[in-house]
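2 protein chains.
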Amino acid sequence: MAYYIGVDIGGTNLKAGVVDRAGNIISEASVPTGADRPQDIVLQDILGAVKTSIENSKVDSKEIRAVGLGSPGAIDTENGIVIRNYNLGWKDFHICEKMTEALGIPAKLANDADAAALGEVIAGSAKGAKNALIITLGTGVGSGVVINEKILPGEFGHMVIAYNGRPCTCGRKGCFEAYSSATGLINMTKEAIERDPGGILAEVAKTEGAVSGLTVFTAADKGDKEAEKVIDEYLEYLACGIANLINGLQPEVVSLGGGIAKQGERLLAPLRVKVEREAFKGLKMPRIVSCTLGYKAGLIGAAMVVRDL
Amino acid sequence: MAYYIGVDIGGTNLKAGVVDRAGNIISEASVPTGADRPQDIVLQDILGAVKTSIENSKVDSKEIRAVGLGSPGAIDTENGIVIRNYNLGWKDFHICEKMTEALGIPAKLANDADAAALGEVIAGSAKGAKNALIITLGTGVGSGVVINEKILPGEFGHMVIAYNGRPCTCGRKGCFEAYSSATGLINMTKEAIERDPGGILAEVAKTEGAVSGLTVFTAADKGDKEAEKVIDEYLEYLACGIANLINGLQPEVVSLGGGIAKQGERLLAPLRVKVEREAFKGLKMPRIVSCTLGYKAGLIGAAMVVRDL
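Chains as they are written, first to last, in my numbering: chain C, 1 to 309; chain F, 310 to 618.
Simulated restraints on C-beta separations:
1) Lys-360/F <-> Glu-252/C: 36 to 42 Å
2) Lys-173/C <-> Glu-500/F: 19 to 25 Å
3) Asp-76/C <-> Asp-541/F: 33 to 39 Å
4) Lys-91/C <-> Asn-333/F: 45 to 51 Å
5) Lys-206/C <-> Arg-575/F: 56 to 62 Å
6) Arg-277/C <-> Glu-500/F: 26 to 32 Å
7) Asn-473/F <-> Asp-308/C: 40 to 46 Å
8) Asp-308/C <-> Leu-618/F: 20 to 26 Å
9) Lys-206/C <-> Asp-541/F: 46 to 52 Å
10) Pro-153/C <-> Tyr-604/F: 29 to 35 Å
11) Ala-411/F <-> Lys-173/C: 52 to 58 Å
12) Ala-102/C <-> Asn-473/F: 51 to 57 Å
In case anyone wonders, no lab produced these hints; they're calculated from the structure.
No residue lacks a Cβ here, since even glycine has one placed at the ideal position from N, Cα and C.
Input sequences plus hints: build the corresponding full structure.
Below you can see the structure in the form of structure tokens.
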């Protein structure tokens, strides 16, 4: 049997795991990431987690073929270098070279969102899809496109859908991310509260102490019509961005992950109606579903990046 | 040597050619398309053009491995069927089956814009690019994405860039096509004339008899500031759509074809500045160039679709 190591470099934890060819996690280990530490110390921690996961897996280390790493930030996948990771304070970290030196097996680096998308395609919500689009609705909007089990480079979170619209962190105006991220939903919620400071939405926000991506759903549960309007507006923009990508990439499956996607069918059912109205007529509509692997997607996907090295 | 037949099903002419592995046309033949004729009659015309091109090529027909067809309209590439071509009045035309029956070689169907994109990658403006984006600025906006010499399905002309913006033929509002096609430019020109009916732009349009995609460039040549503003506005939208696709697909080359692209550097030079301002910082900027093969792209590309069958 052939096994692969997956490493997920998260802002909070470094996770490592032994994964089989089908994308099953045999064992995993985790250590706190600890930002702003020397890169070589972090490397020792990653190697420690890798070794623990190998030991726990009871897999003969000769059967472990390669190690795949999923990292955020600016990365050079060809040369296996984390060019810059502002959150962790990394710069020009030749992580693949170091991993190969220490473990004696090939190493490959991928963008963390792309790795998670590959995980969902191989072992999760988009299993078996020849052409899948994974969209993460978190602080930002992440996109991962996987065709024939290969990751397509690129990021559609910074696709402008509203020319001259809401400012985005990237410097553009009107990006998909500026509307469809949790941050976008929070902004829409705050604006609704400003318009109606005595309403249910304002009251819920006050009780919760701050506006979150959940506030508007809690208020809608209490029968607030204004909250329903915010959700509808949010879904219109989300459907617009997703329809763009369905027209452009014709995926068989669109999987939604991240905090907002936890709303499940409450979000997905009206979203499907809006997307179908927006997408190119005559096109076979993809399945629109929730991601199923959670944090494991990144670990599995990182391992799957090196499955066919 | 191995050779391939390319067939380009155009609205005006049906073109066939013998193409070598490198994408060189050895010979070609053309017959008028003639809309609304029985499909089997059209098939005979296509076969006639194919046979003429084979005869003229002096290639031994045994060396001809396969035939690739580029077609507009709704097509089923997997089964080789033109499902619907409104311009030609075709419906459920099992063209690949018929071609194979008649010629005794495998046949494959591709979208015409995708075939042209592949032609530009193999033998034209994007030669050698691992990842290229070809955008046609014609009556509509066509996009073709070619990665590792394989066509990616999908069409980004109907990507909304201006939420709730100009109505598009597809039924959506604010599509890339509604702004960046020749039609989009003509609409912007007409609006500028309405705003200033006594200006140079209005005068040029009157002399030309109608507003075309060229009108605004002719007026700008005469020193019209209003025309310059229209060109600038047009370029802003075009840059917006192109930057979206650079962020999303990270192509090495972006090639522009179609009528408007004939403006060459006059269009490309300011476009590059705007695109670089819009695209994700830190990303390696692609070359932005004009397509070089003209109508031959479709013929070459159709043949190249079957090069590695």
